[in-house]
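Student: Got chain W; can you put chain E on it based on the hints?
2 protein chains.
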Amino acid sequence: MAPVTNSRLIFNSPPGDGPFEPGKTLVVDNSHSIDVDTVALDGGFLLKILFVAPDPYLRGLMVGPGQPALIDVPPFILGESIIAPSVGVVVRSETGDVKVGDHICGALPAQNYVVKPGLEAGLLVIQNQYNIPLSAYLGVAGLAGMTAWMAWKEFIGTAKKGSTVFVSTAAGAVGSFVVQLAKLDGCKVIASTGSADRVAYIKEFGADVAFNYKEESTDEVLDKEGPLDIYWDNVGTKTLDSALAHAATNARFISCGMISAYDTRDATVKNLLQLIAKSITIYGLNVATLIPKWAAEFFTEVPKLVAEGKVKFKEHRFEGLASFDDAFVGTMNGTINGTKAIIVVGSE
Amino acid sequence: MAPVTNSRLIFNSPPGDGPFEPGKTLVVDNSHSIDVDTVALDGGFLLKILFVAPDPYLRGLMVGPGQPALIDVPPFILGESIIAPSVGVVVRSETGDVKVGDHICGALPAQNYVVKPGLEAGLLVIQNQYNIPLSAYLGVAGLAGMTAWMAWKEFIGTAKKGSTVFVSTAAGAVGSFVVQLAKLDGCKVIASTGSADRVAYIKEFGADVAFNYKEESTDEVLDKEGPLDIYWDNVGTKTLDSALAHAATNARFISCGMISAYDTRDATVKNLLQLIAKSITIYGLNVATLIPKWAAEFFTEVPKLVAEGKVKFKEHRFEGLASFDDAFVGTMNGTINGTKAIIVVGSE
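For the record, the sequence lines run as chains W and E. Per UniProt numbering, residue 1 is the first one in the first sequence, and the count goes up by one each step. Per UniProt numbering, residue 1 is the first one in the second sequence, and the count goes up by one each step.
With the rest of the complex left out, here is chain W (with noise of 0.2 Å):
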């Protein structure tokens, strides 16, 4: 086979503290192409990026150079392709760890074709003994489903039937997620997002309370249905100042993300007292601490909940690498129509 393009995602130019700038930040690079019959493997493997994830976290890891991540994750380097979660099909093997036809997932660099010299850490195939969509595993079965599946668990281990929990960004991969488990532990579930389209999924998806946080006072509404015992935070700053003012004794507050912070770095709370007067436990969540531990019980269970219909997803699917910006637009401000953003790079 002659060479094809190997297009690739390349970190352009950093925002620094600024905004993230679309056809800026990152572009679509053409100029590398490869044989994939006849490029050397040294005793690796061939991937075909089938799809890839614009996860909210990979904000963080535009930086400049000598710029620390926002995550404990290298940051991109400039004029490479960025490392984001996907999943790709082994086209070529010279390694026993996989073979031709295993599909795998990981964070991997955002092109059409990757070599890679063996199935290293963070890399993982996938067994689908559930048949379920393989862009799951970049979703509700991938990390955006481990972060909220894992942090539940380490975190809550079963609520408290009955108890209130508010899950900021809930129509997220992440926050659909949470607000689902939330319900199958019989809590009263009150979510935020971004749209009217995004209320109508999260109510679908059992929430009892979904407002769109752009029309109606995330105060006045926690005013009525709090207070809190459990608060999943994705956003941060003012969201999660309102969640302080409005937590219950003893709540359990997730940080999980803080999306209003990654342009700007600025993190500024002003109601932690509350952490002292209602004795708030807050736990900052990073899933890579908690993937050993529950990685294995993970893909026992929760492949099954999605082929049994217990737990829910909608994706919102962008064509080709070129699509990224409007996905990862779409994801950070909350608008993209579903739940999570995939970006079909190939096909088998």
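Please note: incorrect hints may appear among the correct ones.
Straight-line Cα separation of at most 35 Å, DSBU-like style, residue types lysine-lysine; simulated pairs [to be verified]:
{"id": "1", "chain 1": "W", "residue 1": "K153", "chain 2": "E", "residue 2": "K238"}
{"id": "2", "chain 1": "E", "residue 1": "K214", "chain 2": "W", "residue 2": "K153"}
{"id": "3", "chain 1": "W", "residue 1": "K224", "chain 2": "W", "residue 2": "K214"}
{"id": "4", "chain 1": "W", "residue 1": "K224", "chain 2": "E", "residue 2": "K238"}
{"id": "5", "chain 1": "E", "residue 1": "K160", "chain 2": "E", "residue 2": "K99"}
Take a look, some chain E residues computed to stay more than 12 Å from chain W by CB distance [unchecked claim]:
{"id": "6", "residue": "T38"}
{"id": "7", "residue": "A69"}
{"id": "8", "residue": "L78"}
{"id": "9", "residue": "G118"}
{"id": "10", "residue": "E204"}
{"id": "11", "residue": "D233"}
{"id": "12", "residue": "A251"}
{"id": "13", "residue": "I254"}
{"id": "14", "residue": "G257"}
{"id": "15", "residue": "L273"}
{"id": "16", "residue": "Y283"}
{"id": "17", "residue": "K304"}
{"id": "18", "residue": "K314"}
{"id": "19", "residue": "S323"}
In case anyone wonders, no lab produced these hints; they're calculated from the structure. In this text, a Cβ means the ideal position worked out from N, Cα and C, and glycines have one as well.
Tutor: Okay, now just chain E, sitting in the frame of chain W:
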């Protein structure tokens, strides 16, 4: 016996969100008198107050009418005695709950004599089986000690040997006990305080690194001595931000007080993104929620540790209710000569 003056320390003028005003916020009122031999007890008992503790949390109760207290305790009432941690001796009793000569500790009106209808919740007959100083029941064996010991047991358990612990306002009644608990667990302890005298005390109590935060930069000390596995926060705001910036992965923070925010109620913190980056847990500590679980073990173990000299404390005694302002301001800004301020109100 003829009536005697029953001096009261009354809440005279709310400082609101402004600074505590010596001579104005609280004043001694000598207009009341009491005949200790004849005052009606109505089935209750008469207590002579011996010691009062000017604990920092009292600042949170000095709020104007209608304004919420900073902690979950009824705020002070204008014109009435403040309610503060105290030790008293029973001088007459008509209840089987207490007998003459019993020593009582708990939250009591700050005045010379108090009539109580019975042994209310929060009042305790001191069983001083190890014969430690009664005033210790306001410090290391009292509310401050419970705060330190119960939270350490509840949130830390036994710290891993060699863990690095940072304690702010480490020479206070709570902090100086935490320093010693951490050393008993084999930790390296970094301690900040507000005067050279207190740096010396806290070194004597075992701190490996003790510094005067007014003269040395907390960030610079933590750059050198961190990262932190455990942070005991009595300060909030900038000190908490420094600790967040210098936390180790999976660090545990105990939010015990935010002395820097009590006057202004501005507890602004900027570095909360570190919660996620480092999977930090913050435990908001309201000792009232821990007392039911831990009280019996506390009163079995802690007075014994004090009697054996395994836990030390240093008092600074002030004489009379009129000295409350000096004691309180010295406690708040960390300049009193000792780790625990005690107001001597009466003698047996």
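Student: Each hint needs a verdict: does it hold in this structure or not?
Tutor: Here's how the hints hold up against the structure:
1. W/K153 / E/K238: This hinted pair holds, its Cα atoms lying about 33 Å apart.
2. E/K214 / W/K153: Between E/K214 and W/K153 the Cα gap is close to 43 Å, so the pair fails against 35 Å, i.e. violated.
3. W/K224 / W/K214: holds (18 Å)
4. W/K224 / E/K238: This hinted pair holds, its Cα atoms lying about 34 Å apart.
5. E/K160 / E/K99: The given pair, whose Cα atoms are some 45 Å apart, is violated under the 35 Å limit.
6. T38: Fine: 42 Å to the nearest Cβ keeps E/T38 off the interface.
7. A69: violated (8 Å)
8. L78: Answer for E/L78: holds, closest chain W Cβ roughly 22 Å.
9. G118: holds (26 Å)
10. E204: Holds: least Cβ distance 29 Å, greater than 12 Å.
11. D233: Check fails; 9 Å does not lie beyond 12 Å.
12. A251: violated (9 Å)
13. I254: Given a closest Cβ separation of 10 Å, the condition is violated.
14. G257: violated (7 Å)
15. L273: violated (5 Å)
16. Y283: E/Y283 is in fact no farther than 12 Å from some Cβ atom of chain W, at 5 Å.
17. K304: holds (28 Å)
18. K314: holds (26 Å)
19. S323: For E/S323, whose nearest Cβ neighbour in chain W is about 27 Å away, the distance exceeds 12 Å, so it holds.
Comparing the model with each numbered hint stated earlier shows that hints 2, 5, 7, 11, 12, 13, 14, 15, 16 do not hold.
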